[in-house]
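Generate the whole structure from the sequences, applying the supplied hints.
Read off the chains here:
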Amino acid sequence: MKSITIKKLYTLHSWVGLITGILLFVIAFSGAVAVFTRPELKIWSNQEIRAEIPIQSHKIENTIEQYAQKVGPDYLEEVHIRLPSARLSETARVIYEGHFETPEGGEEHKGTVFEFHPLNWSLVSKNDMDTFFELEKYDMSTFLAHFHADLHLGRPVGLILTGLLGLTLMVSIVTGLFIHRKILAQLFTFRVSKTFSLMLNDGHKVMSVWAVLFHSVIAFTGAFLGLATVILVPAAAYVGFNGDQEKLLETFTAIKAPIVANVAQPTKLADIIDISIQKRPDLTFDNVAIMGYGDQNALVYISGDGSEQLGGETLVFHGATAEYIRTQANFGRLEGVTGKILDAMFPLHFGNFGGLLVKCIWAILGLSTALVPITGLMLWIERGLNAQNPTHSKRTYQNFNKLLIGSCGGIVLATVALFIAQLIFDKTLPEQDHTSLIFKTFFGVWLGAIILPFVIKQALALKIIILGSGLLMVLIMPLDGLFTGSHVFNVFETQHYVSVSVDLTMLFLGTLLLVSYNKMSQQRHELSTTSVPQTAIEREA
Amino acid sequence: MASDNDYCLQGSSKYCIFSVLIAKALTFPMERKNTTFNGFKNRTFLAIVLTLITSVVMIPGMATYLPFHKNDAIGLPTLFFPFIWTALFIYSYMAKSVTKVWLVMATLILIHIACIYFALSAE
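Those sequence lines, one after another, are chains A and B. Heads up, the first sequence is in my numbering, so the first residue is 1 and it goes up one at a time. Heads up, the second sequence is in my numbering, so the first residue is 1 and it goes up one at a time.
Worth flagging that the hints you see were computed from the coordinates, not collected in a lab. A hint or two may mislead.
[Said to hold, decoys possible] Taking lysine-lysine pairs in the PhoX-like style, the calculated list, with each CA pair at most 20 Å apart, reads:
{"hint": "1", "chain 1": "A", "residue 1": "Lys7", "chain 2": "B", "residue 2": "Lys96"}
{"hint": "2", "chain 1": "B", "residue 1": "Lys70", "chain 2": "A", "residue 2": "Lys247"}
{"hint": "3", "chain 1": "A", "residue 1": "Lys256", "chain 2": "B", "residue 2": "Lys70"}
[Stated by the list, open to error] Which chain B residues stay away from chain A? Per the calculated CB distances, all over 12 Å, these:
{"hint": "4", "residue": "Lys100"}
{"hint": "5", "residue": "Leu103"}
{"hint": "6", "residue": "Ala106"}
{"hint": "7", "residue": "Thr107"}
{"hint": "8", "residue": "Ile111"}
The C-beta atom is built at its ideal place from N, Cα and C for all residues, glycine as well.
What follows is the structure, given as structure tokens:
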């Protein structure tokens, strides 16, 4: 390849990395955490669902029937149930939905959302559908999942931004592959004991090359998931469905409404749930959709995850007779390859298709996706500060370094602070909505960390952020034990296996961070007492 | 070799102002005069604005001529979108001539708009 082409690709690679690097770290780091938001962190942040929840099929059937009487027949066209046994939300949620004609001749969906206690099915809240989805309550796990999806910038702005970041990551990968053509040699080159610049350089390449497939999958699925609802689906609907997005979604959606017979016949929900559990013990059922509830032709769709089918499976039953009809994938039931690829999108992005091991691998690889732009940016700063004739002023590199420390270190500190905040809010303000406090804690800590390197020495700021993150991680386990009474010594009694595992993981990670920082400080101290020159970044710090 | 100004003289002034504004905002890494890319500001405009427009227009356009089942003809272009965008973005900077990039993108847009028009008018 001509040297000018390589130079162009290199310039493009560094330019794209420089503009998107910090944001890419934020998205990738939050993504590595978001892998565990459903259900692990959801379970950790809600005491009611920490122990296993059995499926009480008859209790569910009775509750659905009882509230169906209350909402009236207009709202029984669709009944959606979030089963508490999957522990994906803090409550059991039931939506009664009806379709109404608007004065303009269109169709409007209206509904009532009931939230029930996940164990005893007592009513927790009642809202109309619009209010419920507008005023979504956040705990730390939901907050982190949404932060990864749209940075809490709202939709469509946030989704477009994260989607575009996926696209720019694809550009970085393609240009990087052309620049680093000696891939095989770079796979095994990691000179830790040489200079800081070499370590950054090798680290950048090793993490890029070893995980290139993963980075590519994340970039592609991230770009698709971010832009799907705001750009891709409207564009796709333009010709095939004359711009009617609802019609397109209806065609692709797995849950079809039956032709209602208008003959009342009870929907045998308890039998359907029991048969599903017997038939497919490998699936964890999380959602039930009843189309035409209480009608002779009602159809019941019960969905679950855990099988080899990416994107989960849905069992379809005849509602009135509890007769099993078929099992279908979400999009995979459609003719052609698109459906199968669409089914794989979400699991491939979040790693929720092969159990906890795959999730752990996804989180580790996700951290490498976060570290690649950071090492690239650090290289740029290091080279700029060392250059005889740098492109920018020394002050620009220094300020960029401060921004890097504050924003990237700050996001780690703010994420860890959410764990502590959740425990404190649950203890001091039980039964209250913590959404606003969660937002204030996260963005307050992050903003503070961003400002910190600009007001104190950046080395001290870095120390505070790293040690602060490590100490908070170590604190999570004792605080959890103190506030909730759930700890490793009574885990067999409480059966809080997931939440205690989260505590232990955070304790391990916190200790690892503190020990690593201590070791690095010692090494730096030894180097400073010898004649080995410091790195440019350290000199500036 | 055409410079930015040369190209501005040839092209629409509105587009030229827009491209300069975007390029100014995004060329922090290259404060010095760019010697690697000719027509840098135009290329940046092409890479950021026209690449997005072209790849979005191509989604419904491709649905009209892809020889697959209807589901795939509609679904696959949405899956191709990230690859098309990436390829056009890189091409905007890597092509020797900026004019050629304009031509390629304009042709792609026009062809796909024509496909959409004929598909809609045939229904």
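Against the structure, the hints:
Distance restraint check for A/Lys7 and B/Lys96: the Cα-Cα separation of roughly 13 Å lies within the 20 Å cut-off, and the hinted pair is therefore satisfied. Between B/Lys70 and A/Lys247 the alpha-carbon distance is near 14 Å, which keeps this suggested pair within the 20 Å criterion. The suggested pairing of A/Lys256 with B/Lys70 holds, with an alpha-carbon distance near 19 Å, which does not exceed 20 Å. Every Cβ of chain A is farther than 12 Å from the Cβ of B/Lys100; the closest lies at roughly 15 Å, confirming the non-interface assignment.
Look at B/Leu103: its CB is around 20 Å from the nearest CB on chain A, clear of 12 Å, so calling it non-interface holds up. At roughly 19 Å, the least C-beta separation between B/Ala106 and chain A is larger than 12 Å, which holds for a residue marked as non-interface. With 12 Å as the threshold on Cβ separation, the claim that B/Thr107 sits away from chain A holds: the shortest Cβ distance comes to roughly 19 Å. Every Cβ of chain A is farther than 12 Å from the Cβ of B/Ile111; the closest lies at roughly 14 Å, confirming the non-interface assignment.
No hint from the list above goes unmet by this structure.
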